[in-house]
Structures are given as C-alpha cells and as structure tokens.
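> Read off the chains here:
Protein chains: 10
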Amino acid sequence: MSIPEITQKLLTAKENKGLTFAELAEVLQCNEVWIASVIYRQASASPEEAKLLVDTLGLDIDDAKELSKYPIKGSDAIVPTDPFIYRFYEIMQVYGLPLKDVVQEKFGDGIMSAIDFTLDVDKEEDPKGERVKIVMSGKFLPYKKW
Amino acid sequence: MSIPEITQKLLTAKENKGLTFAELAEVLQCNEVWIASVIYRQASASPEEAKLLVDTLGLDIDDAKELSKYPIKGSDAIVPTDPFIYRFYEIMQVYGLPLKDVVQEKFGDGIMSAIDFTLDVDKEEDPKGERVKIVMSGKFLPYKKW
Amino acid sequence: MSIPEITQKLLTAKENKGLTFAELAEVLQCNEVWIASVIYRQASASPEEAKLLVDTLGLDIDDAKELSKYPIKGSDAIVPTDPFIYRFYEIMQVYGLPLKDVVQEKFGDGIMSAIDFTLDVDKEEDPKGERVKIVMSGKFLPYKKW
Amino acid sequence: MSIPEITQKLLTAKENKGLTFAELAEVLQCNEVWIASVIYRQASASPEEAKLLVDTLGLDIDDAKELSKYPIKGSDAIVPTDPFIYRFYEIMQVYGLPLKDVVQEKFGDGIMSAIDFTLDVDKEEDPKGERVKIVMSGKFLPYKKW
Amino acid sequence: MSIPEITQKLLTAKENKGLTFAELAEVLQCNEVWIASVIYRQASASPEEAKLLVDTLGLDIDDAKELSKYPIKGSDAIVPTDPFIYRFYEIMQVYGLPLKDVVQEKFGDGIMSAIDFTLDVDKEEDPKGERVKIVMSGKFLPYKKW
Amino acid sequence: MSIPEITQKLLTAKENKGLTFAELAEVLQCNEVWIASVIYRQASASPEEAKLLVDTLGLDIDDAKELSKYPIKGSDAIVPTDPFIYRFYEIMQVYGLPLKDVVQEKFGDGIMSAIDFTLDVDKEEDPKGERVKIVMSGKFLPYKKW
Amino acid sequence: MSIPEITQKLLTAKENKGLTFAELAEVLQCNEVWIASVIYRQASASPEEAKLLVDTLGLDIDDAKELSKYPIKGSDAIVPTDPFIYRFYEIMQVYGLPLKDVVQEKFGDGIMSAIDFTLDVDKEEDPKGERVKIVMSGKFLPYKKW
Amino acid sequence: MSIPEITQKLLTAKENKGLTFAELAEVLQCNEVWIASVIYRQASASPEEAKLLVDTLGLDIDDAKELSKYPIKGSDAIVPTDPFIYRFYEIMQVYGLPLKDVVQEKFGDGIMSAIDFTLDVDKEEDPKGERVKIVMSGKFLPYKKW
Amino acid sequence: MSIPEITQKLLTAKENKGLTFAELAEVLQCNEVWIASVIYRQASASPEEAKLLVDTLGLDIDDAKELSKYPIKGSDAIVPTDPFIYRFYEIMQVYGLPLKDVVQEKFGDGIMSAIDFTLDVDKEEDPKGERVKIVMSGKFLPYKKW
Amino acid sequence: MSIPEITQKLLTAKENKGLTFAELAEVLQCNEVWIASVIYRQASASPEEAKLLVDTLGLDIDDAKELSKYPIKGSDAIVPTDPFIYRFYEIMQVYGLPLKDVVQEKFGDGIMSAIDFTLDVDKEEDPKGERVKIVMSGKFLPYKKW
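Chains as they are written, first to last, in UniProt numbering: chain F, 1 to 146; chain Y, 1 to 146; chain S, 1 to 146; chain B, 1 to 146; chain C, 1 to 146; chain P, 1 to 146; chain Z, 1 to 146; chain R, 1 to 146; chain U, 1 to 146; chain D, 1 to 146.
These are calculated hints, taken from the structure and not from any lab test. Note that CB positions come from ideal geometry on N, CA and C, so glycine has one too. Any given hint could turn out to be false.
Taking beta-carbon pairs under 7 Å as the criterion, some of the chain R residues facing chain C (in silico) [as the list claims (entries may be wrong)]: (1) 78; (2) 81; (3) 83; (4) 93; (5) 130.
Below 27 Å or equal to it, Euclidean Cα-Cα: the simulated DSS-like pairs (lysine-lysine) are [as the list claims (entries may be wrong)]: (6) F:106 / Y:128; (7) U:17 / U:69; (8) Y:106 / U:128; (9) P:144 / R:145; (10) S:106 / F:51; (11) F:17 / D:69; (12) C:106 / P:9; (13) B:145 / C:65; (14) U:106 / Z:128; (15) F:9 / D:65; (16) C:9 / S:9; (17) U:128 / R:145; (18) C:145 / B:9.
Cβ-Cβ distance ranges computed for the label pairs, FRET-style [as the list claims (entries may be wrong)]: (19) R:4 / F:62: 48 to 56 Å; (20) B:105 / S:127: 22 to 30 Å; (21) Y:55 / D:120: 46 to 54 Å; (22) Z:48 / R:4: 51 to 59 Å; (23) P:127 / R:126: 50 to 58 Å; (24) P:127 / B:69: 29 to 37 Å; (25) P:127 / C:120: 15 to 23 Å.
Required output: the full structure, derived from the provided sequences and hints.
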C-alpha cells in the first residue's frame, strides 16, 4: 500500500506540529475520519477547507490545490494484510450475508450508500477494557425499477 | 456464494412462519444480526438457544444440533460481487487507512477485535430519505510486547 | 457462470411460449432489461409483478414467490470470458478514467449510482450496419462531507 | 492505477489554463470523452488534432507526437477500487447476462463493438436530483460462420 | 474445464459413428473448426444446420434446439493448464506486443476482430516433421473517433 | 506492461528514421514480426543481425550486444487489457478446446510448438473492409511415450 | 484437485489386485510414471496398451476406450497446496532462472520440451537416508528465426 | 521478474570476462547450477566461496559480502510467463499427481526435499536432436507421526 | 473448504460417541492434533492405527482402509477466510520475515521442516484470561551445496 | 517482498556492529523475535526502546522516531515464495482445520489472538539433527454473543 507523497508530507507536518486528527477536525469543523481521508487522498476538500488545513499545518498553498482534486480512490491490495484493516474485511466476510438480510428485511431490496455516508469513531470505556465504537450511517438506496 | 442447506431450511421455515429476524431476536433475547449469523452458520448457538430457535421455526431437534457446531466461517468470494456487501468492501478500501490512523492515534498500536465484537443495525429517519445506521463495537486489543 | 434453476425454468417457458423480453416487458409495463434481470435473479419483483410474470409464462405461483426474494447479485467470474459481456469490462478498462474526469468535472466529486439506475437498449439503423444503443441513467451521488 | 507522465503534464496545463474537457472538445470539434481518452493515452489523435490540442494547452510539439502514437490501452487493476469506476464493473456483473439476452434476442448471436463505438455523457435535470446519462453506441457485430 | 452435457453427448455419438470433424464439416458445408465450436457450445448453428448435424449423428431434434441457442462463451481457467491450449496463451504473451505494432503500423489504431473472424487448420508436410498451420482472418476494426 | 529501455530506444530511433518493421525486415532478410520481437526483447538476434539492426537505426554497438542476450520472455499481465492483444486471449478462450480436438484428430495426442514456430501477418483486401490475416505455423510435437 | 472417476476406478482395482505401478509398467513394457499418467488421464494409451492395462486390472473394455482419448491435461490449482507437489513448484521458483541461464548457455536460446519428454524415478541409497532421484530428459527446442 | 542489482553486476562481469557457469563452477569446485543460484541470489555462499567468485570475476570484496547473506528466495510471478521456466510449471501440472503416487508407493507418505537437494544439467546427444537432461536428487522426508 | 465424506462420517461418529480428540489420542497413543489430521485426511495412519481408530468410533474396516491412503494434502482457499485459521496466515504475514532472520541467524541458511514436524496444543491459565499455547518443532534443514 | 529503507539501514548497522538479534534483545530486555519485528517495521517500539535500539546500533535519533510509528503491517505476496516462510503457509494449509477443531474443542468457539500474542524461538538438540522449536502463545478470544 503506497502512500501518496502529499500524504506523507502532511502527516510529517502534523507530527511535527504535534496535532491530532481530532484537533485538525476541530479547526475545520468536521469529523476526524473525514479529515484523515482528505489527507490520505481518499476525499477532496473545498479550496477553503484545503487552505485552512495547509495553513494549520504550516504548508504551502500549492499543497492545498492538490487536496481539492478529486482523487482516484481505493487501495490496491485485494485482501488487506494489515491486521487493523483486515478485521473490516473479516467482518464483511463473516457478517456480510446476515447483515444484508437484516437490513433488507427492514428496508427492502437496496443498499446502504457508501457515498452519502458518514463514519464516526468513539472510545467506549468498559470494565473489561476499552472498546472501539464505529458508527456508520449511509442513506438507504432502494433499487429502482424501470 | 453457496448457502448451506441448513440455512436454506431455516430461512424457508422463517418465511413460511412470517417471522422477521427482529422477532426471532426477541424470542431468543439477542440481537437480530447475531441470530441471522447463527442461521447463516457464521456463529454458533448454545444447545438451549438452538432448541428455542428451531422450536420457534417449527423444525426438528436435529437441526438444533447443527446450529451448535462451531462453523467454518467466512464466504469464498475474494471480492464480493453483491452490491450490498461490496459497499462494505469499498468502505474498507477507501476509509481503511484513515480509520486506522484515527483509531490508533486514540488507542495506540493495536486493532479493534472482530471477535469480542457486536454489530447493530438501526433505521434513521431523515427528511432526505431513510438512512441505515450500523454500530460496530469491538474491544481494543493493543499489540503485546514480549 | 452458473444459471439459477428458476432462471432456466423461466427461460425455457419463455422459449416454449415464443415470447420475447420486449413482449414480457409490455405485459408488465416495464423495461425489457429490467424484466430480464428479474428472470436472471439480479432484481426482485413485487408479488403482483411476479404473479403476472409466471402467469404469462404459464408457471406456478411458487415460482412467483422465488422472484420476489431479494437476490444475492453479481456473477462469479472476476473477468468475464463471454465476448459480449467482456466488451463492457473493456469499456470500463479503456474509458473508465476519462469518463470519471468528464463526469466529475460536470458534477463534482461523486459517482453515478448503479442502484437508482436504469438501462435501456435500442437498435440504431445505420447505412454501415445496425448499431446497439445503450442508455444508462443513474442518479449523481455527491460525496458527503461530515 | 499509474497515470502516464504525458497525461499528468496535459492535465496540469488544462488546469492552469482553466479549460474544461467540453471546451477542449469544442476546439477540436469532437466529443469530450474522446478528448479525455486521448489525454489519458487510451486513444490516439491525428497529428493535426494533436497539434491543435497541445497548442490550445500551450505545450510543445513534442508532446503532440506522443499523442499520435497508438497506445497500449487499459489499466492494470483487475477489479477497479475507485468507486466511480467500480460502478461500471458492478453494472456488468449485475446486468451483463440480462443485457446479453436482450440484445441478442434483438440482433442475433454477436456483440456490441467496443471499437466502432462512441460514448456520450449528459446531465439530466430531475426533481429528485441530477442524473448522469451515458449513451453508448456500438456497431453490432454478428458472429461470422465459416 | 467442465464440458457441457450436450457436448459430451455429441462427441460420444460422433465417436460411435466414427466420424471426423472434417466429415461433419463436409456434410454441413462449413469449416471443421466452426462445427467443433458449435459442438463445444462456443458458436450457435441455425435450426437447419443444427438439424442436419443431429441427424448426421443420429441424435434427437431436441438436441438440435440446444445447438441454436446463443451460448455463454469462453472457459473458466484464467491461464489454461492444458499444454495444447497453453501454447496459444504463450504466443499471446510472447508475441502480443510485437504483433500489435506490426499490424497497427500496417492498418492504423484498431484491432483484428475476433467476431468477424475465421480460423482454419491445415497440415503442412515438412522433411523435419509435420507442421500445424493455423490461419486466422479477422476484419480490421479501426477505432472510431467521435 | 512495462517496455524495456532498450525497446523504447530502438522504437524511437525507428520512428525518427521513418522506418517500418517491414523495411527493417527487408534489411535483415527476415520476417517483420520476428524483428519486432527482437526489438521488444522477446527474441534474440545473432551478433551479426543485431549489428545490422543497430547500424540501420543509427545506434551504438553496445545496444547490439543487448539484443543478442537470451531474454526472459513474456509479459506480466495475466489477462491482457489492451483490446488488440485481448482478442487473442479471447480466441484462445472461445476456440481453444474446439481447435485442440480438430488438430489432435488430424495429428494425434500432442501440441503445436510455440518455439519451432513462425507468425506471419498479411493484409487481405475485402469489399466489406480490409482483413488481418495471421498465419501461424508450428511443428507438431507428439507426446512421447516412455 | 478432483480426480476423474475413471482414475478412481483404476486405482481401486490396482489396490485390490495389490499391484504396484512398477508391476503395471513391466506388463506394459513402459515406465511407471508414464503408466501412472495414463491412469490419472494426463496421457493417452494406444488401444492395445489400454486393453492390456484394463485386462491386467480386471476391468472392462469400455474403460480401455476412455484411456485412449486425448485428455484435457493439467490440474486446476494455480499454486499446488499438496506438499509433495509444491516442492516442484518451489524448485521452479527458486532454481528457474539459474537453470534457464545454465541450459541456454550450453544450448542457445530455446527450451527443454515438456512433450518430447521422459521422467524417471529412482531410489538412491545414502547413509544419511534414502534419496529420491528424478531424471528428466527433454528434447532441446531452439527458437526458430523466420 | 526483477533481477537484483548485484546479479546484473555479476552477470555483466561474467560476460565481459567471457566465462561460463561451468568454468566458474570449476574454480569454486561446485556445480554450475548452484553457482548460478548464488549469482541470482537464490543461494548463499560461504565468505571464502564468495571471495573466490568475486575475485574470479574481478569485482570488489563488498560484492562478496552480499553473496553470503541468506537471501529471500523465489520469484514473484505466480505462473511464470517465460517459456523455458513455464515448462517446469507444466511438468508439475501434468505429472505432479502421477509422480506423487509413484514416489510414495516406493517410499511411503512423505516428500522429496527441495532443501537437501541437488540439481544437475547435462547434454544428451541424440540422432533426433540434442536433449536436456536434468537430474534432481532430494532426500526423502517421511511424515513424522507424533 | 469442502470436507471429505470420510471426515464427516468420522466426526459424526466421534460426536455421537461423545469422544474428544484427546481421548482418541490416548487410545492411539499419539498426539491429538495428529489424530485430528488423520481424520481430516491430512495425514495417513498405519493399518493398525486406522483399525484401532475406526473400532473406537464404531465404524467399518473399510473406513480404516481409507485412512491409510496417502492423501492429497492442503485446502483450496488461497487466503483462508475462517478467522481461526486466518490468524495463522496473519502471523506468517506479520512475523514471517523477522522469524526467518532470527532462526537463520541461529541455524544458518535453511528452513524448519514442515514434514519432520510436530504440533502441540496446550491451555495456559492466565489471570487475564486463558491462553492458547502452540508448540511447533521441526527439524532444521540446511541448504545443501553441491 | 520489498524491505523498507529504515530496515535495510538497521540491518546493515547490526551487521557492521556484529550484533545478533539475541544480543539486541538482551539490551532491550525483550524477545529477539519482537525486536526483529520492530526492525522489519511490523511492530512499534516506545520512544525509549527505539532510542536504546538506535543508540546500540550507532544510528541517529531520527531513525528512532521512525520506529515508534505504528506501521502498516504485513507483506504483499499472497502466497509467500521464500521456502522458509512458505513452510508456515503450508502448516496452515495442512494443519489449519485439525488445529481449529482441537483448540475449539478445548476452548469453545473463538480464536487464538494474533495481537495479544508472543512468539519464541529455540534450538532443540536432537541426535538426528537440531530442531527449531517455535512457541506461540495467544490469548483465547471467545466469540461474543449479543
């Protein structure tokens, strides 16, 4: 999984400034996963958002322009090998069909949009150990008949 | 994606009884995604849970025994072609790395467990159209040093 | 590419009745590609549509029930080998990136929906030989920022 | 998906000039998808067309020569991960077989050419949201018997 | 590589009758590779051709109907393992690019059609041992500009 | 499909000299496909042939040495995406098994050599449009029994 | 790796008769690897050899006919998982390029035929433990220039 | 198949010195395939062997150090496309199972080691043309029961 | 992952008898992982061991014969999807190279045998939760020089 | 398998200092496999551990910072070709299912963690030759029901 040069530049600047994604999100008034996606070139920012981001990180306006382009999205490993990312592949392998049935029973034949979509991360305290809470919210898109 | 025979039998019985996953979940006092996973042979039920399920569906005790076995989990399509399931693959492709960075910044080097893990589905009403809300909660597992 | 049993049954009945997809579409007041997708179990019909279809084909009501289920969609050949279908794969390989740029320049960062989507086929007469005209119309879905 | 150097150079020049594909197409008297395909090195221009294009973009005649070569076409991701491009893969997966049957019922055993082929993009206004309209027109090629 | 049932039936009948592909081709007034392709369900025959073929092989009219259907073409092994067939894969691997350049230098940017296409086999006597001569003839299709 | 540096150098020289493969073949007294294969590093030339070739193209003797090495042959795309080359893959997919049967019926159990092999290209005039004629001639190699 | 029915039948008969491949080879006056290849449908026997084999195994003449057909050769696991067979894949992975250079330095640009080819197995006694000795002998085929 | 830099350096030196693998093997008192494997970084030499090799080739002691490292072995093409190397893949595909049965009938359940293993190449003169003789000798390793 | 019929029969008998792998191992005086491997047809038992096993499970002598055959080993999923088995794939992905370096630093250039190999499982009590302990012991095989 | 630059730098320094992994582990008071994993960027060290490591190797503090980042883990070869690493893939292929059954019979439905996990290497002396002993210890994670 090769990381784009602009991503490496932004991550290094973020590290040098000692800023977290949550702090960047606060500056841009947006969600931390979304701003991380902009940095990883999986999402595009408006020129104003991009400028605010590179200013916060102490980088050039030229870098901002890069962040407003509509990127070619996705990675190139068909099955991810990184254990953190793989677990999401595994969730899809194990729970994909049951989830499809449960959602479609509630909503009809269609899908959860991955475009009109948000993704939030939270920490849940738990006596047996902290838990990662991920909330996905996607518009339900029913199949059109024509 | 071949569906096990026992799954087909249970789904047919469920359809004939006119029961939803939510109703089955209520009978078993559990989550509807989990009970769907048992039916799809991606999770195993205790003998009592299995008996209660087959009784509710009007099936034999022999089918219950099948549901208590520890299944070989996962499907066999490397990249899923069903659009509903593919969207979760796409989410992993597009948001995998940003998510990893955001979570690990909050929790340290480790993963969200897909075993000590729950998955809930909800319907969100929205003026622009209903939304599917999926909540994942997995224990954070830090990498052990040794 | 294995064809479901119900599909084979419907295609045989259609052939025996000497009906075309266009004629079936007229009966159901819908598009011929959509009705073919129902028959191939890539789309689901309402109980009324399904009943009308099996009646027209002289089949049982049980077959109708099958057609109202929400199918697991997609085929299993990663790269299709049938020359007719492959050409669409080739179009995506050759024109995918240029198309992305042209559409996104017009619409912004987002996709053409393959769910809120229609597909029409027409014959174009041409002195150099008939042409196949395919019209795709999909809702534009802009990436949500959050 | 690696983008050829010449493509990057042309896209940067286009961006700096503030020109759209539609405007380039008007200059060259051609379709905007085709001119985008030339820029992405998926199609070849005549020396005159190439010269006109590089002149419009303020680039060198040497770049024009590159655009008249017959490129090795196609990308190298077997299954595309970019969501915009993937939707076309999905359309082929879901509607490939139904489309084949509908077209072949109308035309006989053969294919829609992807070579003697045009691809047009339009914006359709719609109260529920803009739609992307894509029109493909390919010569029907019947299988030769010999 | 699974062989369709109808193919196995036809090949057995052909073997029992002691007929060669060349003899069948003579009966049908066509090429032996084409008639073999019909038998392997890679090409479709007209009802008259199909009837003549099954009559010659002493089979039923129902088998003839099967041979007039437009088949899903292609095999499913991505890289063929049979040594005879592999050699053609190897020829494409080794001579693909040189051939592309030589043909396109003669004809322009385009392809050799595999649809408007014939394939002949001959035996060449040679003092160093017999040679297989294969003649492919496909219409040249130039890329359309639009 | 990455092209070796030496190939790019030779193709550029050939283009600058305005020479065709056919003209190079005439100089070397060989077939144009073979000389293209040498340039693409899929075949090796004798030192004399290599010298003659680089002399004709106005290049250095060092380049000649490169052309006499025995190359690692083949490309690295398992399924070619270039439409010109893909058609040969498709021919193998569609006509592979019928061809095997026709050839083996004539010659016995064995293969057509892809090593003791020649490949010729011709243009066939035809009222319906020019045709590409490709003639393959390979020694028949019968399976040895031992 | 699915084993053909005829192979299973022959292996069972061989086991019931308590015969080794070496003993079968003696009866047929051939090598034991070759006769095993016939049984596994990777090689074809003459009608006489086939009859002698099925007679020796106490089977029917119909089985003999099957053994004279020219089989579709090869298995379908791209990378073999059986450890015995994998070691040959590994040898090719590790020693493939060095072997190519050593052989081609001795013989010129060409290959070792896998068709005009024999394969012998022997047991080598050795104080440190028995060794498997495999001798491959294939005709050298030089690349033809044309 | 990318060749390590050190390999390219050694092969160039070997070529410039006009030395064959057989001559290098004689200097090092070892087999020519093994020394080729060291050069291709598929085997490791002792410091003395490495020094002797680089001295013979007129290279630096630093290069010797590289040759004593334990390399990551194997290539990265799953199915080799080079025809010379492919033939060994084909031999495994075609003769893998028969060979397994013949060897295991002689030796019991186990494998031929590819580690405690030697590989020799010879030229066999033959009136019908030279043959490549390859002798593999690997220790038989019986499966341990525990 | 398809389970052989004989395996299913033995597992059902084992379940009906209420026997654990540990109990079977005690009867056969062997390790429980090995006996499970025999049942899954990944290892072969001697006729005596096989008889003892089928007697214990109350099955036929014919089943015993099956267990003494030398099986084709391995499964067919290239990347396992079952989470339990996947973790071992992940361990190889993550720790493969470090492990190679540590072992080879201690032992020299070579491998740990997977044939002269044992695998033991234990339960480790731990205040933070039980641990699975797996002990692998394989003979070190140094690369032979020749 | 490409090795990160920082890994190469650390391995070279380690080699120049003549230090073993075991010696580095002693300095850091940790296991040698874990320290090797840090060097291969498969594990992250604390800033103190990283500083101690680079000090021991005589490298810069900047390199230490690199070692505290949470790496993208895993390699990119789906099936490893290096024989040392492959054996672990083979163990998973051959013993994966039996191991799953034995462990799950002891522990219930769940997995051995590869995160809360340690890996130790030892040398076992044995009259028949040294053995590699690998001890894996991972927390058992039972599937949560919800």
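> Hint by hint, say whether it matches the structure.
Hints versus structure:
no. : hint                      : in the structure
1   : 78                        : violated, 9 Å
2   : 81                        : holds, 5 Å
3   : 83                        : holds, 6 Å
4   : 93                        : holds, 5 Å
5   : 130                       : violated, 15 Å
6   : F:106 / Y:128             : holds, 18 Å
7   : U:17 / U:69               : holds, 25 Å
8   : Y:106 / U:128             : holds, 23 Å
9   : P:144 / R:145             : violated, 40 Å
10  : S:106 / F:51              : holds, 23 Å
11  : F:17 / D:69               : holds, 16 Å
12  : C:106 / P:9               : holds, 21 Å
13  : B:145 / C:65              : holds, 18 Å
14  : U:106 / Z:128             : holds, 23 Å
15  : F:9 / D:65                : holds, 16 Å
16  : C:9 / S:9                 : holds, 22 Å
17  : U:128 / R:145             : violated, 35 Å
18  : C:145 / B:9               : holds, 23 Å
19  : R:4 / F:62: 48 to 56 Å    : violated, 38 Å
20  : B:105 / S:127: 22 to 30 Å : holds, 24 Å
21  : Y:55 / D:120: 46 to 54 Å  : holds, 49 Å
22  : Z:48 / R:4: 51 to 59 Å    : holds, 53 Å
23  : P:127 / R:126: 50 to 58 Å : holds, 53 Å
24  : P:127 / B:69: 29 to 37 Å  : holds, 31 Å
25  : P:127 / C:120: 15 to 23 Å : holds, 20 Å
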